[in-house]
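Listed in order, the protein sequences are those of chains Y and P.
Under the working numbering, the first residue of the first sequence carries the number 5, and numbering increases by one thereafter.
Under the working numbering, the first residue of the second sequence carries the number -3, and numbering increases by one thereafter.
Wrong hints could be hidden among the right ones.
Mimicking BS3-like on lysine-lysine, the simulated pairs with C-alpha atoms at most 27 Å apart in a straight line are [to be verified]:
#1 Y:Lys42 - Y:Lys145
#2 P:Lys201 - Y:Lys265
#3 P:Lys5 - Y:Lys267
A few chain P residues that face chain Y, going by a derived Cβ cut-off under 8 Å, partial list only [what the hints assert, rightly or not]:
#4 Trp26
#5 Tyr53
#6 Ser60
#7 Arg188
No lab work stands behind these hints: they were computed from the structure.
C-beta atoms are modelled at their ideal positions from N, C-alpha and C, and glycine is treated no differently.
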Amino acid sequence: MSNASGTGNKKNPVGNFFSVLGNGIKDIGVTFVSGDWKTKISYLVMGFGQIMRGQFLRGGMYLAVELLFIWFVTSFGGQYFAKLGTLGIVETTKKNRTTVYGDNSFLILLFGLLTVFFIIFLIVLWYMNIRDNKKQEEILKSGKTLPGNKADFLSLFDSNFDKTLLALPVAGVFAFTVLPIVFMICVAFTNYDATHQAPTKLFTWVGFENFRNLFSFGTGGFGSTFLSVLVWTLIWALLATFIDYFLGIAVAMLINKKGIKFKKFWRTCLVMTIAVPQFVSLLYVSKMFDSAGIINGTLMKLGIIQNAIPFWTDPTLAKITIVVVNIWIGIPYLMLMATGLLMNIPADLYESAKIDGATPWQMFRHITMPYMLFVTGPYLLTSYTGNLNNFNVIYLLTGGGPKSMTYTGGAGGTDLLVTWLYKMTINDTDYKMAAVIGIMVFVVTAVISLVVYQMLPSVKDEEGFQ
Amino acid sequence: MANKQGSMKRNRAISNFFAYLALVIIVIIWLFPFVGLVLGSFRSYDSAVEYGGIVDYVIPKHFSLDNYRFVLSGQTNYIRWYINTVVIAFFVAALQTIIVLCVSYALSRMRFTGRTALMRFWLVLGMFPGFLTMICLYFLLKEMGLTQAGAIPGLILVSVASSGMGYYVCKGYFDTIPKALDEAARIDGASRARVFFTMTIPMSKPIIIYTALVAFMAPWNDYVFASYIAFGHDASYNVAVSMYRWMNTGDYQGYFTRFCAGGVLVAIPVTLLFMFLQKYYVEGVTGGAVKG
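Just chain Y, same shape as in the assembly (with noise of 0.2 Å):
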């Protein structure tokens, strides 16, 4: 507790959240000692001191909350949590034919992370609540009188508001993000796969040797696999947002150039890629190239070929292809975005630099990009990371194939590491592996997003082009 104080750097993040924690501490035993009977036994009953001094709707909130937990860790969280250490030892075995389940280690890891989480938060609600209690006295000794009950509840659709909308919104988020999200990374440094299934096998935890194995170059480990399918994912990402990009700013001068008529006709076709659902149109495109599909199926016609052209089971040509195909997708989007961009530019810019003699190429380089880079850099970061994780186009056009021989964990020639990832669930059921490649997207894509950011010029320099 001595530590918090310590640390007076408030700009250090850790040593900012030790001194909250340990002013929070502190201020716990003040109000202990300081405070009057109905506080203390707030310590115990939660809410007690708000109900005896008339706010029954907030210290009833208190106290049925911990109610609630007591009766949750008693009867359904407890009894997992106390396995988390071992998530179970019991085996399920059969006894003359019927089955005898032993221990669930999937529910163990889910429910005990669950309670643990709960445990954090009723820690959290019981601080409240003394803070709660030592405001209420605060203002009872200054004379004045504690809001009524009615008032109490009115200020949630006022002062705050916040609470009412944001409670529904983070619960969802807590339970269908933050606790799958915890419970994956958990399991990336457990033996869960295909030979130790729940409810059947137990599972356990097994420290760093599953990252041991992502990163062993032997025969069997992940690590050049893990590299070839990282090295690809990164060209990919970084193909697919600046061909686009360029090209649809191209695609978007082309139709506001001047002397072009039917503008939004030209739009309108291009629009229609986002309008159409991918999975009809990448799955037709998919077809488009396929060894018996239209396109070599016209070039074997007229001759210009011999055999079909394998144009997905070839992995270099593969990757070209989703690339280009990549491009059919990306440009509307571009388009769009560069139409409105383009028109915010100021036309005395290019008046006067159209009177000191410049060439229409030389107000592109110096003039449009240069705007357009500054403008747009947040958002190519924000493409690029979606890029990365860019599951629909690999998956409907190639499935992640062609299939390799030299990948181990069934990585196919154009899999990122998300399709990577999601074949190792479904086809391989590896579930640990899945989660410690999991892990490495997030990390790829946090390392990225925070090193481009510090980067961008528009950060950098607020005012630039202003």
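Got chain Y; can you put chain P on it based on the hints?
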């Protein structure tokens, strides 16, 4: 001087000619798959007449409505799949919009402890790949009885539950509404809730339509999660899951034209809706791009 102007005019005409040429080529490339899809849907799958699989020509030799008759006939669950998808899309669009509006208003207008911490935390959460949590979500839903036969409400629940994290564009829009308006109303005695319902929401029509439109279109493409949750239960499939099989599973050879017909039926309403609301979509995309 006159000569120079004449040559400039000629230059402009030539460059416009090439621009038109480029645009025509682009449009042909862009529309070709859709034309092929529609034409393919009219090709017969009756083996006595024509092959229903993948062929190397676009224009069918015999036009027929066989494929449409097939998908609508009840030989498969197509109509059921279609209704499933519409139901999911409708509920997801409605509920997701409500949640996004609530979160955006709270984050844009109110200042409370933990506000920036919450935003940062959600940003970090968003960096985890969505499929990572698939197994866990499956078992969570299974505990609630929302898989296989109950996959439709399960899918809606999962899509809606985490939608609070997608507040960026909407919050960006709210940030542009002057705060002075809120403050004036609050001085007149209106509560936060009243300001939200009677002032902010009516002023946010474009962003509401954008949010709902994007949310409505996503379920039509949802293959991964839908196939995992509904696994093996044909009647709970959506169109993407069920028709993916027709294209990529060996048992369904010759289903290509049927896929085209089913795809056209899916694409028509969604495309019309999108084209109709395109203006709002463009506003949302452009606004979102600049703010990042």
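Do the hints match the structure? See the list:
no.: 1; hint: Y:Lys42 - Y:Lys145; verdict: holds, 14 Å
no.: 2; hint: P:Lys201 - Y:Lys265; verdict: violated, 31 Å
no.: 3; hint: P:Lys5 - Y:Lys267; verdict: holds, 21 Å
no.: 4; hint: Trp26; verdict: holds, 6 Å
no.: 5; hint: Tyr53; verdict: holds, 7 Å
no.: 6; hint: Ser60; verdict: violated, 19 Å
no.: 7; hint: Arg188; verdict: holds, 4 Å
Hints 2 and 6 from the earlier list are contradicted by this structure; the remaining hints agree with it.
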